[in-house]
Amino acid sequence: MPPASDLALLVPELWLAALGLVLLGVDLFVGEQNKRTVGWVAVGGLLLALVPTWGLAGAVHRPGTTVFFGSYAVDGFAVFFKFLAIIATTLVILASMDYFRASGDRQGSTQRFEGEFYTLLVFTGLGLVLMAASADLILVALSIEFVSLTSYVLAAYLKGNPKSNEAGLKYFLFGAAASAVMFYGFSLLYGLTGSTSLYVIAEKVATVPAPALTVSLALMLAGFGFKISMVPFHQWTPDVYEGAPTPVAAFLSVGSKAAGFAVLLRVVAVAIAPSGLDYVTLIAGLSAVSMFVGNLLALPQRNIKRMLAYSSISHAGFILIGVAAFGGAFGNTGLLIYLFAYMFFTLGAFFIAALIEARLGSDDIPDYAGLSQRAPGLAFLMALFMLSLTGIPPTAGFFAKFYIFAAAIERSPALLWLVAVGVVNSVISLYYYVNVIRTMYLLPPQDPARIQEPAVLRTALWVTGAATLLLGLYPQPLITFARAAALLLP
Amino acid sequence: MELALFIPFAALALAGGLGVIASGRAIHSALSLLLVLSSLAVLYLLLGAQFIAVLQVIIYAGAIVVLFLFVIMLLHMATGEPAARGVRPWRAGATVAAALFFAALLSAVIRTRATADLGVAPAVGFGTAEAVGRTLFTRFLLPFELASVILLVGIIGAVVLAKGSLTLRVHAESRAADEAEEPREEALTR
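Listed in order, the protein sequences are those of chains A and B. Heads up: the first sequence begins at 1 in the numbering used here, then just goes up one per residue. Heads up: the second sequence begins at 1 in the numbering used here, then just goes up one per residue.
In silico negatives: residues of chain B with every beta carbon more than 12 Å from chain A: (1) A4; (2) G24; (3) F70; (4) V71.
SDA-like cross-link-like pairs, simulated, lysine to any residue; straight-line CA separation at most 25 Å: (5) A:K204 <-> B:L141; (6) A:K204 <-> B:T135; (7) A:K204 <-> A:G70; (8) A:K170 <-> B:L69; (9) B:K163 <-> A:G108; (10) A:K163 <-> A:R101; (11) A:K204 <-> B:L106; (12) A:K170 <-> B:I27; (13) A:K204 <-> B:T138; (14) A:K170 <-> B:S23; (15) B:K163 <-> A:D27; (16) B:K163 <-> A:A176; (17) A:K204 <-> A:V280; (18) A:K163 <-> A:D105; (19) A:K170 <-> B:L74; (20) A:K170 <-> B:A158; (21) B:K163 <-> A:G31; (22) A:K204 <-> A:G276; (23) A:K163 <-> B:I155; (24) A:K170 <-> B:L152; (25) A:K204 <-> B:I110; (26) A:K170 <-> B:I21; (27) B:K163 <-> A:Q33; (28) A:K170 <-> B:F68; (29) B:K163 <-> A:R101.
Just so you know, these hints were derived from the structure itself, not from any lab. Note that the structure is a prediction, hence the values are computed from the model and not measured. Built from N, CA and C at the ideal position, the CB exists for glycine as well.
Let's have the full structure, built from the sequences with the hints guiding it.
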């Protein structure tokens, strides 16, 4: 039996699982019109989950610390992603509460199973936490399936909307195929090393013949690539983001992407890197292709959610620079900082899209015309998020890109070309991000009526906006935190 | 002895696998899958994983294929109409990609055989129900518990997606107001 002290290190996970069950119970006793209560309980519970997570942050910093027979990591890296997952889930639930109410007001209907929606979001949050901390191939597989399963349901949640159904089905079919391929890769890795524990694999992987290991890595990358929407496993992204409820699209773009990167980095850095296999070239190539494909396809988009989806693909490319630069002084830190900053401004942009969609019933960028007069606060925040997505100072996006480019430059001169590609792509992306700002500020509104901003969604928006600015202006605490979390290998 | 069993059942599994993707009718595919799963059970036995082999027969070949058959019966109640074929260029592309992947896999396997010693004999008692249970509740306790949470979430998801009518519940008053203007998509209840 594992010692009881192992359980003490699992308090955040146990808390989240218990919270999910409590929400199911609360949902039973809450009337159809008051389902937001479930959301509030979820938000409260998630915020409380930060307390034991904070306790862990102080207690465990030794990299490679695992519990439950080496299957679960409780190192600083895992703790960092616990914070990220919990914060993202909280913000998404806050946004969902008003999204459903505002869409309901417009359509004269209420969302069915609203209580279960919050429950599923909390469980997905738990899945993200588990993904980032899994140190065993079986646990990696299970937690990825866990997150996928809830995501399929969440994407198809608007049952009356054919686009949402399509999103759910497409996501499911792509996800199932990607998972099957990835599990094949896992089984090869297990067969080659005789263990499912990443840290045991790390000891044995040097003796594994390179061709077999390459095939295994390629197969695993298909699964991870699907989760982080990396080219060539990105095809689902625009359709799913467009059809899914907008807060869910935000969650997929931030939550499962971040957890996917955590798994990718842990598997590659811990289990594959000791073999001496040249994975850096492969990752760098995929990174460059993702940036180009994402950015070039984002240029002609008229629908804000599709545009953000392609932007999300290109950002996956940027973050992959951090994976390629892993092992240098900045690589891992750069990746963590990027993911943390990316969370705030991407959530913010999606939340505004959610609000506009709920109020106007449209996702088209031309309908954002004159937003600066109809809702000055919203327009300002959206402009901030767009600048941050481009990477213009003084926003968090600039600082994140700065760190990730610095990581690549510092790691190896062979990655300089990748930095050049990244810079070129930042310039390309400026075009379609600034196009949104131009539409909001320079074009006249078609309908001058003010847009009502629901209170809770506004809170979520201001939190993301404030974080976007603060992280850009005063990044030092985040740097310190990410440094402590970034040490991955024993 | 081992080879004499391995070759026919491996061939059967392969033939079944081809049958799953090549047959035009879903019901034939499901029955081919049954062949794959039962042949795999024999291969598990050869590997010394007796408990897994039994589970394979009971759960996969038994329960899951039967479930497939029920679903196919419900969806194509009349004749089991043939599934739509993929677009031709895509099929050609997929064939090329699969062939390339197979070549890569084959070369990896051949080169691995030449260099690595993979013949590890299983320990005494390996593959019995007791050994599997012991591993499940010690080494793999956390994944085991996680699986139960996944099942719970799966149930919630299935209820959400499948229960009730296709649609949003419409407020009585706004429905009355809207019906005059246009037929609502949301009102398409079963």
